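With the first letter of the sequence shown counted as 1, position 73 gets the number 73 in our numbering; the numbers rise by one all the way through.
Calculated directly from the structure, the hints in this document are not laboratory data. All of these numbers come straight from a predicted model, not from anything done at the bench. Don't be surprised by glycine CBs; every beta carbon is placed ideally from N, CA and C. Hints are supplied without guarantee of correctness; some may be wrong.
[Stated by the list, open to error] Computed Cβ-Cβ distance ranges for the label pairs, DEER-style:
1) Leu500 to Thr250: 46 to 52 Å
2) Glu231 to Ala37: 36 to 42 Å
3) Tyr298 to Asp395: 58 to 64 Å
4) Phe521 to Asn326: 53 to 59 Å
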Amino acid sequence: MIWSFDCLKAQNYFTLPKNVWRLSVDNEFSSGQWISANGIRGLPDEFFNLEGYGLQYYDHNNPNTKSDLFNLHEHYVTISDRTDKIIADFQTKSAAIAWGDSLFDFSQNFFGPNAVNMGGYITNANRSFIATLYRIKIDYGISDKVTAAISIPNYIKAEQKNVWGWISGPMDNFDLAGFIAYHKANKIKIENFFASEFSDSLGSYMKNKLNAVYDSFYSVDGQFSILWAMEQNADPIGKSITGSQFNPFTNPEKDPTNIDSLMKFFHPDRTSSGMGDIQLGLNFHLLGSPVWQGESLYSVYGGLGITMPTGRLISIYDPMKVDGLNRPKQFSQLQLGDGIASIKFSLSGEFYRIIKGRRIKVTWLTKFKFNPEAKFSTRISPRGTFYVNADKILDQIGNSYKMRRGNESFGLIDGTLELIPDKIAFFTGQIWYLKGRDTFFSKNSKWNKWMAGGTDSREGYDTRAFAIIQNMGFIYMNTDPMNKFGSIPFEVKLSMQIPLLVQHYWSNLKFNLSFTTFFQFW
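Go ahead and model the full structure; you've got the sequences and the hints to work with.
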């Protein structure tokens with residue numbers, strides 16, 4: 001989702017004379033990174049696991065299960081023989097004694113006694129955003145007291161990139177490295193015995209039982225095969241995720257995946273272009289007189305506006321609509337608007353006077369933006385859901401959800417000084433921005449809290465945001481009838497915005513080139 005300021009940026013006039021039109025074309029380029037709390041770039045480290053993945057190792061809710069890796073010694077590899085009994089009998093045979101080594105009896109447990117947590121932390125060292133857009137603004141003086149305005153943004157290109165990483169979490173209630181070492185050593189021992197000269201003197205009856213142990217645990221098709229776990233890294237989610245329910249790719253049973261592949265699949269670089277949210281508004285002259293009248297030293301205005309959610313949103317998940325990498329197209333989509341029909345109220349004004357032939361002006365504005373609830377399509381992602389299967393994610397959340405974006409407050413103050421009277425002016429000032437926390441409504445209350453942030457379920461992340469932006473630029477004015485070039489009045493503004501303090505928001509450096517002209521007809 002693209003968040004952007006829509007407050008006034010050092011406009012020359014809040015209102016226009018009756019029947020006067022103002023047409024502005026802005027060209028804007030912005031580039032920056034996401035800043036979390038305490039100035040940290042990117043998203044905070046985010047806990048992640050795969051729901052049910054630990055049950056492959058130890059199902060603490062079912063102590064009698066034969067499908068996990070707990071109490072392997074109790075498994076019957078023949079109709080009447082337990083694993084540990086066969087190993088114990090083998091150790092007493094003269095062939096085993098002559099061999100001079102011993103086998104592990106599978107009784108050592110490396111998992112439990114509580115739930116196995118295979119989680120870790122997804123890192124986001126860099127979350128960047130680049131956009132190029134143009135914006136058409138049209139203002140019309142309905143009367144000397146009321147001016148109507150419309151602003152239409154169009155993104156030539158918007159691109160969001162992320163650099164993901166992984167930190168293995170604490171190994172609660174399991175020692176996978178110990179398990180792997182234990183069984184790799186035991187497998188080699190059995191193979192070494194069968195390859196030794198002592199194997200022939202063991203006797204076929206005992207040899208068949210020992211073969212049953214080996215085939216049951218250490219062969220691909222064994223009824224209790226643990227090769228999948230033995231072939232894993234000690235950090236399975238980070239290195240080698242196994243199991244079709246945890247792998248969205250082709251041949252999941254044969255080809256393990258990892259968290260890096262999952263993140264690249266579900267969260268690739270995202271691009272978009274097209275229209276953003278259209279802004280409509282009315283400005284009302286309340287007190288004093290506008291600059292263009294010059295009858296007093298100040299003016300005060302009130303404003304009312306709405307946002308039309310015309311920006312492109314992500315589409316409903318459709319597994320049949322895929323890109324060249326066989327990835328659902330939804331994963332690469334970037335939302336261009338808030339998707340909310342919001343209402344804005346503003347109070348603004350200006351103080352001005354002429355000193356030594358140069359106009360000095362101070363402009364201020366405060367704005368409150370009320371964001372009602374809106375409906376959005378669910379983006380498929382294992383983050384926050386801990387599933388990779390789209391159907392399970394949609395069952396958990398729903399095909400769509402509702403969200404109430406936090407209400408927003410804007411503040412702006414600018415000072416403008418004419419460097420060359422009626423020709424060139426310099427302005428500088430600051431923008432303050434404060435946004436409340438979002439509220440989510442879906443079938444899953446845990447996911448709702450995870451998305452909103454500000455809780456222990458997603459430590460360090462919040463949708464409540466704050467920013468202070470420095471604004472500055474130059475204005476070339478060609479509007480004075482006595483000192484005008486050509487027959488068309490116009491202004492050219494070159495400006496930039498520099499983020500000073502940002503929290504849970506995009507820290508974007510913006511450059512803007514604006515052309516404005518005025519005309520009048522009845």
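The hints, checked one at a time:
1. Restraint check, Leu500 to Thr250: a C-beta distance of roughly 49 Å satisfies the suggested window 46 to 52 Å.
2. For Glu231 and Ala37, the Cβ-Cβ distance of about 40 Å falls inside the hinted range of 36 to 42 Å, so the restraint holds.
3. For Tyr298 and Asp395, the hinted distance range of 58 to 64 Å is satisfied, since their beta carbons lie about 60 Å from each other.
4. For Phe521 paired with Asn326, a C-beta distance near 56 Å keeps the hint of 53 to 59 Å intact.
In summary, the structure agrees with every hint in the numbered list given earlier.
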